[in-house]
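Protein chains: 4
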Amino acid sequence: MRIGFVGLGSMGAGMARNLVKGGHALTVWNRTRSRAAELESLGAKVAATPGEAATGADVVITMLADDRALEDVSFGAGKILESLPAGGVHVSASTISVALSRRLGTAHREKHQHYVSAPVFGRPEAAAAAKLFIVAAGPAAQIERCQPAFEAMGQKTFIAGEDASAANLIKVIGNFLITTVIEGLSESFALVKKAGVDPHLLLEILTGSVFPAPIYKNYGGIIAGEKFEPAGFKLPLGLKDNRLLLAAAEENSVPMPMASLLRDRFLAALAQGWSESDWSAIARISAKEAGV
Amino acid sequence: MRIGFVGLGSMGAGMARNLVKGGHALTVWNRTRSRAAELESLGAKVAATPGEAATGADVVITMLADDRALEDVSFGAGKILESLPAGGVHVSASTISVALSRRLGTAHREKHQHYVSAPVFGRPEAAAAAKLFIVAAGPAAQIERCQPAFEAMGQKTFIAGEDASAANLIKVIGNFLITTVIEGLSESFALVKKAGVDPHLLLEILTGSVFPAPIYKNYGGIIAGEKFEPAGFKLPLGLKDNRLLLAAAEENSVPMPMASLLRDRFLAALAQGWSESDWSAIARISAKEAGV
Amino acid sequence: MRIGFVGLGSMGAGMARNLVKGGHALTVWNRTRSRAAELESLGAKVAATPGEAATGADVVITMLADDRALEDVSFGAGKILESLPAGGVHVSASTISVALSRRLGTAHREKHQHYVSAPVFGRPEAAAAAKLFIVAAGPAAQIERCQPAFEAMGQKTFIAGEDASAANLIKVIGNFLITTVIEGLSESFALVKKAGVDPHLLLEILTGSVFPAPIYKNYGGIIAGEKFEPAGFKLPLGLKDNRLLLAAAEENSVPMPMASLLRDRFLAALAQGWSESDWSAIARISAKEAGV
Amino acid sequence: MRIGFVGLGSMGAGMARNLVKGGHALTVWNRTRSRAAELESLGAKVAATPGEAATGADVVITMLADDRALEDVSFGAGKILESLPAGGVHVSASTISVALSRRLGTAHREKHQHYVSAPVFGRPEAAAAAKLFIVAAGPAAQIERCQPAFEAMGQKTFIAGEDASAANLIKVIGNFLITTVIEGLSESFALVKKAGVDPHLLLEILTGSVFPAPIYKNYGGIIAGEKFEPAGFKLPLGLKDNRLLLAAAEENSVPMPMASLLRDRFLAALAQGWSESDWSAIARISAKEAGV
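Residue numbers (my numbering), protein chains in the order written: chain A, 2 to 293; chain B, 2 to 293; chain C, 2 to 293; chain D, 2 to 293.
Keep in mind that the hints were calculated from the coordinates and are not lab data.
Where hints are given, some of them may not hold.
The list makes no distinction among identical chains, and a pair is therefore deemed to hold if it is satisfied within one copy or across any two copies.
To be verified - Computed cross-link-like contacts, DSS-like style, restricted to lysine-lysine with a CA-CA straight-line distance of at most 30 Å: (1) LYS289 to LYS112; (2) LYS194 to LYS235; (3) LYS80 to LYS235; (4) LYS112 to LYS228; (5) LYS80 to LYS218; (6) LYS46 to LYS195; (7) LYS157 to LYS194; (8) LYS289 to LYS132; (9) LYS132 to LYS228; (10) LYS22 to LYS46; (11) LYS46 to LYS112; (12) LYS235 to LYS195.
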């Protein structure tokens with residue numbers, strides 16, 4: 002497949018590399034061009050604009066930090082909507098708002114292009130190892146068509162229906178549930194520490210019994226060991242995803258008290274100056290409040 | 002081993018049965034004697050008082066609903082403390098307060114008896130199938146001595162140190178984390194339902210990717226299917242365990258906002274009259290508030 | 002003074018009437034023109050566009066529902082910024098975001114016009130009776146110049162400094178504190194009701210002792226009497242102001258857990274279909290959760 | 002009237018002094034006898050035991066720190082229940098649990114004595130100045146009989162019905178509402194500070210408009226000025242009253258999310274070591290979390 006790939010951050014770089022390795026003809030674009038050098042050395046073409054990456058492509062995949070970044074590469078002169086051929090597919094892998102996902106769906110339909118939301122679960126290591134979980138939603142035929150690309154990037158693809166924005170909703174819910182794990186462990190570790198029990202012992206028992214999932218092991222290890230730097234996923238991104246969830250909740254008039262609580266944790270953590278730390282650094286707020 | 006077993010509720014009955022099957026000489030006691038009939042038919046003796054179950058025992062295991070029930074069988078004339086031989090071990094498998102655990106430890110030491118806390122993770126099916134996870138804390142030699150009993154009842158025993166009450170703390174924290182899973186899923190399901198996405202689809206994606214743990218599958222299935230009756234673990238017991246956690250948190254001056262939030266969920270659920278439902282029925286509060 | 006007045010809703014109509022009564026030459030504009038008839042009969046001119054109301058005015062006062070409504074009358078052809086004479090003042094009395102307030106300040110400065118934020122405390126009855134409390138912020142000389150208008154509309158004007166957006170921040174904080182009163186009373190009434198104590202008795206004792214403020218008497222009476230309709234201030238407006246507060250809090254990285262809690266109350270109340278009720282109808286959520 | 006007075010802490014000392022000044026024959030008891038010296042110099046007799054203070058009294062008034070302290074002077078040999086004459090009244094002015102209030106009512110009835118709950122609102126200065134608000138509940142005739150004593154101690158007495166425990170419930174609700182004021186102001190001050198607005202200006206505007214109540218002025222002044230020491234009402238007492246409220250709420254299955262939030266604030270404040278500070282020092286948690 003001829004694939005355009007826009008956004009070579011810590012996630013996108015690994016994804017693009019796996020597409021090249023999978024034999025796809027890649028044209029990449031990144032705001033900071035130097036990050037494209039490695040891909041170029043692997044055989045990818047480097048585009049001068051996002052539009053150029055989309056020109057002539059079967060599929061253009063975007064992997065960007067937030068709504069604004071995706072809008073910047075999608076709308077306007079020399080951008081994706083203008084350049085993608087009719088019949089081409091825009092696969093948005095970024096974690097973006099349900100609202101922007103809907104807006105992109107409409108805009109692409111008007112241009113006789115297709116739009117598929119395909120946000121991913123997994124940290125940069127998973128992206129590099131082609132171990133992402135992909136949640137795809139949009140026209141079934143287009144998802145089918147993109148499967149070779151998905152298979153090159155991920156370990157499993159879930160189909161979440163024809164409404165593209167459903168995938169975005171599911172993605173922000175997934176991240177919400179991860180933060181509930183982080184916060185739950187944080188409060189628990191603060192308690193056992195103060196009570197004189199080793200957090201590592203608690204973690205070993207929890208993950209050896211009722212919570213054998215990697216998510217508990219990984220974040221439990223980070224929090225018990227207080228290894229919040231370097232960040233796998235930075236705090237401000239955690240707040241951003243929480244904001245996307247709360248926006249979807251507000252749009253649907255759904256109160257989500259745990260999500261509200263987490264919002265305040267993220268804000269408190271930012272106010273302490275921890276914007277370069279992993280999002281699991283909200284654990285330090287529980288520790289501070291408990292005086293440990 | 003000569004084992005006394007006190008408390009043949011939905012958990013205790015299965016545990017006692019597995020001890021008999023494991024070849025141990027069991028003397029059982031239950032407040033409602035009729036529940037002892039099955040054990041008797043399997044070869045257990047039936048005691049007339051809790052003290053009689055402890056008389057001559059190497060180990061007396063208690064599995065009761067709450068602090069008060071355990072106090073009732075432990076303290077006073079014809080009760081465990083009076084009857085257990087010097088050198089005997091009281092293994093408390095109930096989910097009780099850290100405070101009572103400490104008090105029992107002291108009381109048994111004064112009688113030259115031993116006290117081991119060994120609360121368990123697992124629902125009645127797991128108790129019946131000898132698949133419990135056991136968290137044991139207390140004098141190392143006594144835990145070692147009880148291992149044959151633990152092996153007959155559970156799939157794995159964790160040692161949580163010499164301080165018996167640490168096991169009780171870990172147990173209530175484990176239950177707290179389970180309720181965070183329940184509440185997190187409840188809020189998420191309310192949102193997707195209102196947004197027109199099938200909760201079962203969400204659950205399938207979550208448990209197929211980031212949350213492959215049985216706890217997510219089981220409770221997710223119960224909540225998505227709204228199968229809160231019959232209860233595996235009744236709401237008032239969930240509130241009780243939350244109360245034990247908050248008491249431990251207060252004793253240590255540790256704020257636990259998620260636990261506070263869950264307390265209010267349990268109270269709201271009780272106020273709706275759902276005391277016979279599974280504790281995961283707090284999901285209905287999220288659904289009601291969202292108007293779904 | 003020649004005053005343009007834009008926005009004749011339940012608040013604006015009373016304010017405009019008091020300006021006419023105060024002897025000011027008023028030109029009014031309202032989206033629904035029929036609402037201007039009463040003012041016309043009192044001697045006000047009726048403008049065809051917001052810009053016409055601002056043309057030749059010393060001061061143009063805007064009193065609108067939200068950010069969008071204020072943007073609609075301010076920016077673009079035939080709107081306020083284009084029409085207000087150089088040296089004229091735009092007094093924004095609406096409860097709007099800190100961000101829009103800043104943007105308007107900048108935009109007016111570029112046009113050599115002045116911008117004063119002057120949000121008000123008080124319900125429609127207070128607006129009608131010229132009993133509003135006005136919080137004015139902006140250039141001191143301009144606030145001074147507007148005093149005759151403020152005096153015609155309110156009982157007291159507070160000066161909140163040169164930074165216009167400070168007044169908007171103070172206004173949303175004031176509304177936040179009112180909602181904490183509403184929620185506090187709501188939870189309290191739910192408890193006493195269930196305990197068999199008359200909420201009116203509680204209210205009488207509270208307002209006769211520690212809480213003698215009108216805000217407790219008024220909202221306490223509404224909630225104890227369950228008189229949420231007709232609305233003095235509708236629920237969706239309460240949610241809007243909560244959103245403005247949370248936006249300001251997020252911009253400053255300040256966690257406000259009570260505000261988060263109130264957000265969820267508003268969402269739950271909207272989900273029940275109470276968008277036409279007074280914002281104090283969030284009390285019904287406490288009542289429902291308590292089963293009373 | 003012959004009055005026994007038990008408990009000469011910062012509140013009780015002022016109350017007792019006003020009773021003596023009011024011409025009542027007082028016999029006082031305090032655990033630390035030296036605190037009785039001033040009363041003795043004013044003409045009060047000093048009892049050797051709580052029971053002695055109740056012996057021969059028409060009314061014995063207790064003003065103690067908590068449930069345990071009141072139990073200690075009430076039950077057992079040489080204590081109030083044993084010594085108060087038949088027909089005598091025990092007036093409990095302490096802030097105690099609804100449960101203990103009920104228990105005392107029953108115990109006194111069995112002894113053919115009377116029990117009236119009469120908790121008070123007001124800080125030590127108000128107690129000294131006979132400006133307390135008294136909330137009395139119990140048998141109407143007995144409240145009537147105690148009016149001279151109430152008039153000597155307070156500025157106003159409210160009658161809360163025949164069920165003595167209703168007064169205790171109302172008292173803890175009153176304190177709850179005071180803490181919502183404290184927390185609301187705390188979050189607000191954290192926000193304005195960070196936004197560059199003077200908290201004193203905010204306070205002046207709030208109390209000059211919508212919140213003219215002393216409670217806002219007093220606590221607002223303490224918080225804006227960060228004058229948490231010396232304490233008017235210590236943090237651990239605030240936590241105690243919050244605990245009494247939550248216990249009453251739990252007994253009635255009433256979720257009170259604001260009270261839960263405040264509990265966590267108190268615990269966090271205690272964990273920072275502020276047990277000697279005023280309960281309004283929970284404001285520092287909001288400030289810390291906001292990084293101001």
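Checked hints:
no.	hint	result
1	LYS289 to LYS112	neither (53 Å within a copy, 41 Å between copies)
2	LYS194 to LYS235	both (25 Å within a copy, 27 Å between copies)
3	LYS80 to LYS235	within (28 Å within a copy, 43 Å between copies)
4	LYS112 to LYS228	neither (47 Å within a copy, 46 Å between copies)
5	LYS80 to LYS218	neither (42 Å within a copy, 43 Å between copies)
6	LYS46 to LYS195	neither (56 Å within a copy, 44 Å between copies)
7	LYS157 to LYS194	between (38 Å within a copy, 24 Å between copies)
8	LYS289 to LYS132	neither (36 Å within a copy, 38 Å between copies)
9	LYS132 to LYS228	within (23 Å within a copy, 34 Å between copies)
10	LYS22 to LYS46	within (14 Å within a copy, 70 Å between copies)
11	LYS46 to LYS112	within (25 Å within a copy, 49 Å between copies)
12	LYS235 to LYS195	both (28 Å within a copy, 23 Å between copies)
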